[in-house]
Amino acid sequence: MIPGFVHRKRTDCLVSLGGLVVALCCSTAIADAPVIRVYPSRVTLDGAADRQRVIVQSVSADGRTRDLTSRARLVASVAHRVRIVGGVLEPLADGALDLVVTVDGRRLVVPVTVRHADMTSPVRFGLDVMPVLTKGGCNSGSCHGASRGQRGFRLSVFGFDPAGDHFRITREFVGRRIDLARPAESLLLTKPSEQVVHGGGQRFDAHSEMYRVLLKWLEQGAPRDPQDVSRVKRLEVFPSEVVLSGTRPGEDAAAESSHRLVVRAHYDNGTDRDVTGLTVFTSTNTASAVVSADGVVSGQRRGESFVMAMFGEHNVGLPVIVVPGGPVAAFPDLPVANRVDELIHRKLRKLRVVPSPLCDDSTFLRRVYLDTIGLLPQPSEYDRFIADKRTDKRKRLVDELLKRPEFTDLWVMKWAELLQVRNVKGGFFGWLRKRLLANVPMDRMVRELLTAEGGFFRDPPAQYFRQVGKPKILAENVAQVFMGTRIQCAQCHNHPFDRWTMNDYYGFAAFFAQLGSKRNWEDTREQIVFNKGSGEVRHPVDDRVMPPKFLGGEVPKLGRRDRRAVLAEWLTADGNPWFSRNLANIAWAQFFGRGIVDQVDDVRLSNPPSNPELLDFLANRLVADGYDFRKLIRVITLSFAYQRATEPTASNLDDRRNFSHASFRRLRAEVLHDCLCQATGVPSRLGGFPLGTRAVQLPVAAMSTEFLDTFGRSDRETVCSCEVDVQPNLSQALHLINGATTWGKIERGEVLKRLMTADDEPATVISALYVRCLARQPTVRERTRLLAAVAAADDRNEIYQELFWALLNSKEFLFNH
Amino acid sequence: MQRDQMLERTNTLLALVLLVSPAVTLAEDPVARKPKTAKVTFRDQIGPLFRRRCTGCHGGGQPKADLDLSRYVAAMAGGSSGEVLVPGDPLQSRLYLLASHAEEPHMPPKRPRLPPAELTLIRQWIDGGLLATRTSRPRTSKRPRSLLSRVGPSLRRPVTKGRGDQPGARPFGWPVVAMRTSARGRAVVALAASPWSSLVAVGGIGQVLVYDAVSGKLSGVLPFPEGRPHQLSFSADGEVIWAAGGQAGVSGAVVGWNVRSGRRLFAVTDGEDVVLGSALDPSGKRLAIGSDRVVRIVETATGRTIRRLAVHTDWVVSIGFSPDGRRLVTGDRGGGLVLWETRQWDRVSTLAGHRGAVTGVAWRPDGRVVASASQDGTVRQWEAEGGRPLRNWMAHEGGVLGIACRADGQLATVGRDRVARTWNQAGAEQDRRGPLDDIVTRVALVGVPGWLVVGDWTGSLRLWRGSEPKPRATWQPGVASR
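Protein sequences, first through last, are from chains A and B.
The numbers in our numbering rise by one with no breaks, and the one at position 45 of the first sequence is 49.
The numbers in our numbering rise by one with no breaks, and the one at position 117 of the second sequence is 1303.
Only chain B is shown next, with the shape it has when bound in the complex (with noise of 0.2 Å):
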């Protein structure tokens, strides 16, 4: 196992060397990778696609909305709508917004979205001002850039928080608690890992099962008699580690552990039940808990309600603070999303677009970008000052239900397409795993860079180390051995 870690840092450094930059994850990043001087042009690419996807309608003698995609100046010109495309600015081009499902109607109409290749493909032509052949001059636009240029469109460097070679948390000296099991797993809905170590984290029965992902062993047993947990969480730091949960229909927790001594740091008791979603801000000392409809802020030092921020309209189910603690989102189960802001407890914005259930918040690390999950399937991408929609791109056909941000902006998902995927800052599809054997339910990625933990409805847990094809180990936790 020390021989893995030893290998895993030559690589990166190997990497290093090889690119000569300061990013460890550049390496990861195809539009990064790629050479510039692959140019999209309509002659050769972007033509070819519209003849295949779309001049079927927009063609011919009576093209729909009077939008003509085949040929280059009638497709500049665009539609009855007016323009459709924007050089430099695929988010505020029509085209790619409805190409791309982030708005509707979408097109094709009734047909699955095109392949993320193509659309990529769209995008760098946009991206690259709209080139007619490979000899034209780019296009440029008048228009303001959208939001998205000024948050930045990806991290250069990750967050580290001067952290240097530190090692992360590791229990050391924990209760000794024998783990409970049962004849069949349960769907994995609490699933954390520590950002500075190998230690994932899973819900047990009336407990926390603390794995190294490294040795693949149990690393201790956190008890929690509140009930279920339901939900997994670590600081950002790696320093503690919380649960909330509870017996549902009954009563519900929250409860944060030390990850080193095992020891309780805070336990606020909820309403009559299971608290579906919490977190606990930076300084460690405010904890926000989804309370049915109501989102409570509770000090954990004494237990006491602060705030109780009553404005969604049904259950309270992800919730995340900013890196800085400056912001909050929460989202409910009606798909209803809230930016705050963490003085006055006053509402930034609502952020509005979900029409399913949130089923998770990710930050960037660099507490600018926040992105959200949901049961229809998209992920959306907010800027956290305003709270105004950057993005949002289909990830997951039947609904995104695990969400998680690297250290270095990119995302992992996982839904009901059994399928895991990563994305980097532009929503572009990087890697998939997958399909498994029934639903992705939650994923959470490990401290040590580009190991990834997923977690499925039968129970079972599964990490990959890096871009390998295969798990590196698949398991079962607290289900006993037949």
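Pulled out of the complex, with its shape left as it was, chain A reads as follows (with noise of 0.2 Å):
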């Protein structure tokens, strides 16, 4: 987005002066005069018909933004070239004029251009008619755009057709919909006007420019649009930032601010429009902010939402901050441990919410090893760690953990999942386990995947082209593995809340087109993959061959390559954005438990990153480290936003999305079955696998016991995050009180014999059974309450095995935090 044009008065060092001065007197009064700015920046008003709305924005030094285009005066420094209509510059005469706004005693100036002011340009079906019908919600898939349409009127959900949409409103039920005798009399007028009886209501009146729209359309005589019409290439949407604040103070003081939006079309003529009239706008948080039909935001309770604009095809988002109105109370100066703080706590001193404190040592340890390795600390560990005196131990223990072969695993299990190896035959989980071990770059191993091809025994990655005569399938999987987004809806319709459209979908799917397989006759049992140089995807709607497009890019030369090879280096290049984030997005998740974008294989235009410049700079770094996902996650962990307690302060009790505390999150499956066995020293039998092998380890997705069943384990059906589930449920809850898991591991283990063994002392038995499964040391009144039940029993073994028992249930144990 262009910044829309800033201009400070000269004086503003004066008058920073001068706030100073009255800072002493006043501490709430503004420390520094507002930047004015004025939207958009330059104006080209081409053709008759060409409207361009204005809006002026003031933003506060401390970030908030105000909607001042009510108050300021606009005079064109030419009157005879535009007429002002409140604030929306209509064309009159040819040449060049200066706008000048003036508000708050400020002047600025936007250079105007009229161009063509004699000129009508006939309204298009697919620029000008359809979106319309989305704006007016007809093609919504609750009304025409259900797939049975209403009352046998059908229309393509959110526009996808244009040309069916066509023949559906002027040719297919002929004499019915429009009349091109007497246009305003069609019922594509009466209906959504309300003029008749309409199921649907009054989707817009007679005197709205989505009925003039439709109106000229018909004068026209309902015309299909020309071959050479041109194109909407981008959308833009101004201003380009919006923090709404209320005048008085308390949480919901921002309800009477609001501001407007004005959205422009940029089209492959070089002309643009603005077309916030004939724009859907949504936004993704409306308990922070709504949104008018018209593009007015409103402020309501603080926080954060994401406003979407949706013109055709085309969607545009803008992120739109809540926060309290009054003083604003001084931000504390945060220390920092590296950049990913500097850029968390710049996004929390807009949202003016203040992170917890530092978590202890014994929560850090415990937090570290279960997001690193996937284990508890050992209880040696442990008394190592709280031992250390030294003040880069946090730093150290990183260092060490990354090392750790269960790191590897742990990683090893997360890929599996993501490329869905389901079994040990045929070497596909040895070559990645082999790949992660030799920390191979990700790049390279990405590359080496997307283009395997042969034998399947002798080249396991070919295994990932299983689904080989399925190219939606595969691009499918590519783009939500690899580049965090999902597609699917674009098979059928335009993806409604992104950018996908369904030539962005089959375009993709086109690139694995061209594989075959075949049977490998000196082993039967083995299928080879390779690439067959022939084979095309064909769009559904008119079947025309769809040449291979990356997904947000180009159409790529090929040459005879293989077009997975194109994909591949496409993908993995170092400008690209997606891969680089998505990668860095998926490591944060794994020890935030959500991503930047969230879910991490979600990114669309309606789910943007909460934190972008952050996203940006891991994404960045991992490039720049030539892609050692090690280097990446110590960035990660080092960072003081990874070691938040997670106890809320009284500001960042609502956040979920800017990390400023550290979130409860239930162990995941395999790695709650490995730290139970780990606590009670007693490992299970996994299917056929050696005694001691992990639940982390196991490479088959059929294999599963009831008790990873249910905690969710993923058995890697698809490639979906949502596979893996970490939702605590009741089940869950049963199943470690009376299941055979808890309570057998603690009888059939050794740990109390050997510690009463070793000595007998209640305080040092009950110490240690807290260390080794919460990590941590009894508080004074669990210590004191449980010698007292420990000198009242009869039986210590058996009040031991009840304590055991007990932590081992406990929530502290099964969450991390």
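Simulated from the structure, these hints should not be mistaken for lab results.
Keep in mind that the hints are not guaranteed to be accurate.
Claimed, not checked - 25 Å max Cα-Cα, derived DSS-like pairs, lysine-lysine:
id : chain 1 : residue 1 : chain 2 : residue 2
1  : A       : K635      : A       : K438
2  : A       : K393      : A       : K418
3  : B       : K1296     : A       : K476
4  : A       : K399      : A       : K635
5  : A       : K553      : A       : K536
6  : B       : K1296     : A       : K474
As the list claims (entries may be wrong) - Computed far set for chain A versus chain B, every beta-carbon distance over 10 Å:
id : residue
7  : H202
8  : T290
9  : L338
10 : G579
11 : F819
As the list claims (entries may be wrong) - What follows is a set of in silico ranges between Cβ atoms, one per label pair, in the way DEER data are often shown:
id : chain 1 : residue 1 : chain 2 : residue 2 : range
12 : A       : D527      : B       : G1246     : 46 to 56 Å
13 : A       : G156      : B       : R1658     : 34 to 44 Å
14 : A       : G563      : B       : R1297     : 32 to 42 Å
15 : A       : P732      : B       : P1291     : 48 to 58 Å
16 : B       : D1624     : A       : K220      : 16 to 26 Å
17 : B       : R1297     : A       : P732      : 56 to 66 Å
18 : A       : L562      : B       : V1497     : 51 to 61 Å
19 : B       : S1401     : A       : S146      : 46 to 56 Å
Ideal Cβ positions, reconstructed from N, Cα and C, are used throughout, including at glycine.
Two chains, two frames, some hints: make the complex.
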């Protein structure tokens, strides 16, 4: 987005000096004069029908924005060239002029050009009429966009099929929907404007822009679009940021503040157009910000929202922050460990959210063990870490953990889920493990994977293309796993909340259209995947051959190369924002329980990153470090953000997205299982694998136990991150309380026996059990009460067993915190 | 103009004399015209045709469905589902039904239907007893012949009801009403032609415009302030014209006029939306109106509803009384088609088959056969006594929009392929006009033999005479000349 026209008064420094003086007497006075911006920064009116709304915004030093449009005076330097009606410029005569904006004693100038002021351009079906149908909600899934339409009249949902919609409106039911002899009497107009009964109610009135567009199109004879019609290239929304704030203190006080948005479409013929009136606006968080149909966003409760603007098949988004009004409490000067903290604090400062303090050593120890290697710290490791007095001991610990084989196990498991490695046969799992153990850079590994061909046994990564005849599924998986975006919707219609169109979908699928497979006749169990060099994907609406097109990118020149190689090269190129951001996000989510984009595989325009700068930083860092995952994780775990306590402060209680405090995360099935085995010292036998094989190491998807099923182990059926279920539920609690796993392991284990033999002093045993299970010492209160209970007990062994069981059943054990 | 008419008559007389036949229209029936000696045989025509079209799958070492069409004996033996050819009866021959796309799976699969000439050849071969060679004996079938043979494959003589040379009704002394015009034409949906004169009626803006096809001039204007005419018809005797229509989303109406005087005979209002289909019974006393999903039977004299027939599940759009008034067919937008008897208004049969809106129904003048046209592209013919299917064929890819039946039983259809076609009773294409600039929406047969008028999406009418390749007249009713 082009930043708005910025103009600071020359006296800015004087004002700020003055402000400083004032600040001494009145602590809440404005420390700095607000910056005034006018959007757009340059206006070109092309054609008699062109309009452009202008908005004026002030941005105060603390980031709050205000819509000053209604207060601003707009004057054209050459009055006869434009007319200004309610903040909207209309062309009168060709030529250049200056739009002079005066507000609060400031004066800003926007250059305006008027062209073809006497030329009326025809209304186009695809460019003008289709957006009306979308804006009016006509083609939404609950109205005529439903698969069977309404009362026999069907439109393509969200307008994926303009040609089909043109047919249905003009020719499907001849003589019914439109009347070119009397255009205004067409049902296409009388129904949605409710001049006659309409089941869907009034969608717009007869004076609206939407009505005028449809009427004009009918008056032209309801033509199809010519082949050479210009198309929308991109969409932009003004202003570039909105931070709403009320004038009074309090959480809800932002309700009175609002800001007008303007949406401008840029066409491939170089023209642009104000399409605000034909844009569909939605807010992703209506508790914080609501947006009206004509694009005025209003603040509600403190928080963040993302406002989506949809025009035709294009989408664009704008982050909106809502902060309490009133005086701003000073934001504390927070220490930072690295760049991660700087970026998080920058966002928190905007939100006026103060993060929680850092957690203590034992909490950090347990957290980083579980997240990095999927195990609890051993009591000896605990003692060593607590006793360590060096200031950089956390750093040392992280370095140590990143070298452990269990770290690799954990990531092999995650990749096996993403790549749907479902068995040990054929060595795909082994290949994956070898790559990660050797710390092969991620980009190289993915290139090897995506270009794999040959027999499944000799070239195990070729197994990734098991679904060889299904280019659509392969494309969906690659997009979801390596780009973190779900394109499935676009198989049947343009994605309503994202940029993907059916063209994108089938263009991307075309990369996998030329895969072939055959049986290896020397070993008939083996399948061979190869590049046929022929085969195409066709668009289902008009059956045209789709050339391979990068998702969100261009149509590459292929030559005679394997299409997948071209794709892999593009995907893993340093400049590709999708790949590195996605990997960085996956890594981040492992340590925070949620991604910067969450879910990690649901990157979408309407689901933006909570902190884009942070994501960019991590992605760039990953690229700069040669796609070394360990280095990235080091940066993440050493940030103060990762080391915060779970206890919230007064202002960050509601925060879930900005990492101002640590969150409670239930351990995933495999890790919980392994921790249980570790704490009790009793390994489980998992299928036919050697005793001592941890659940994290299981290569087989089908192999599972009741325990793992109950706690939501992924069966690797799909690539979706939702396959791993970490939601707590009742059967999990019952399984732990009554199931054989916990109690059986306590009884069979020798932990208690060994503890009691070593030192049967109750305080020592209790303390050892706490360290073993929870990686902390009991609190004074816990210790006192437990000691009393032990003293009163007839059978000490029994009471220790009860305590052990209770600790393993505690939420503290089940959760990482 | 007068001379044209004379010429036409002379031509007809000539044809009569030449063929020594009472049927005026026999001259245009190629089946009848074709000498009986042209034998269609497997060796000469069908074998090569099969080898070109079918034996890629149905031949060779492992023929699909065990049906081998490469050799005569194997073709007679049929495939895994039994015999595919029934001598003398194409409509019981699976091969013909699948090849003509009357039944599924369509053959050849995923390809356009065979050209009409080839289908005709196959049909003639079957009709002729599946000859192997010119000297073979025709095969016979023990099976009873299909229904079609019982209703008669075609009309031998046009139905004239003993009118003799009486001229058809013409406007005389109609009130003078100015034609309302617009800048642009509206897709033609209301179009009718008198069966006994050269009158052509078309819907205008709150009016019905009546033209004389011979002179090309406007004969008169009938006001229809009830709204927009959506359907127009002449009664079988040409004495009454009626319009169904209304204001979309507001009200519906059916209005009838005396063709000679231009006086209103009846006006029935209906419901909250346009009446899309209606029919007047031959006595002129009862009107069947498509009122949303219900068929209302109304007395024209009193406007009283006698009966409500509520079986359709979508808007009733096409209605037709049989010429004797004993039967009624009603078709809806969902493809539902129902045959009724008109004494007790009981349902005789549900005519199942159409997969898209029924866009028109046309009765054969003898009342024994009714044809229906549909958005699914097919024309289906039904036997009128019990409602059994006779035959069907793909008439217009994309959908048939208009259908009309001539006095001799030939059918005229128009559709989305922008073409107008005429068909003989056997469903063989006789004539083709077009493609036009846009989809052809309606067709009407003028009461001058061989004259055809079609309307299209742009609002243009075209008049063709006989087999002339170019339309004799093209005009846009109600469009102000610029």
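Hint-by-hint comparison with the structure:
1. A:K635 / A:K438: holds (19 Å)
2. A:K393 / A:K418: violated (35 Å)
3. B:K1296 / A:K476: holds (23 Å)
4. A:K399 / A:K635: Holds, at roughly 12 Å.
5. A:K553 / A:K536: Roughly 19 Å separates the two Cα atoms, so the pair holds.
6. B:K1296 / A:K474: holds (22 Å)
7. H202: violated (8 Å)
8. T290: The assertion about A:T290 holds, with a minimum of 34 Å to chain B.
9. L338: Holds, because the least Cβ-Cβ distance between A:L338 and chain B comes to about 64 Å, which exceeds 10 Å.
10. G579: Non-interface label on A:G579 holds, nearest chain B Cβ at 44 Å vs cutoff 10 Å.
11. F819: holds (57 Å)
12. A:D527 / B:G1246: 46 to 56 Å: violated (33 Å)
13. A:G156 / B:R1658: 34 to 44 Å: Holds: the Cβ-Cβ distance is about 38 Å, inside 34 to 44 Å.
14. A:G563 / B:R1297: 32 to 42 Å: Check passed, 35 Å falls within 32 to 42 Å.
15. A:P732 / B:P1291: 48 to 58 Å: holds (54 Å)
16. B:D1624 / A:K220: 16 to 26 Å: About 21 Å separates the Cβ atoms of B:D1624 and A:K220, which means 16 to 26 Å holds.
17. B:R1297 / A:P732: 56 to 66 Å: Holds, since B:R1297 and A:P732 (Cβ atoms, about 59 Å apart) stay within the stated range.
18. A:L562 / B:V1497: 51 to 61 Å: Holds: the Cβ-Cβ distance is about 59 Å, inside 51 to 61 Å.
19. B:S1401 / A:S146: 46 to 56 Å: About 55 Å separates the Cβ atoms of B:S1401 and A:S146, which means 46 to 56 Å holds.
In summary, the numbered hints that this structure violates are 2, 7, 12.
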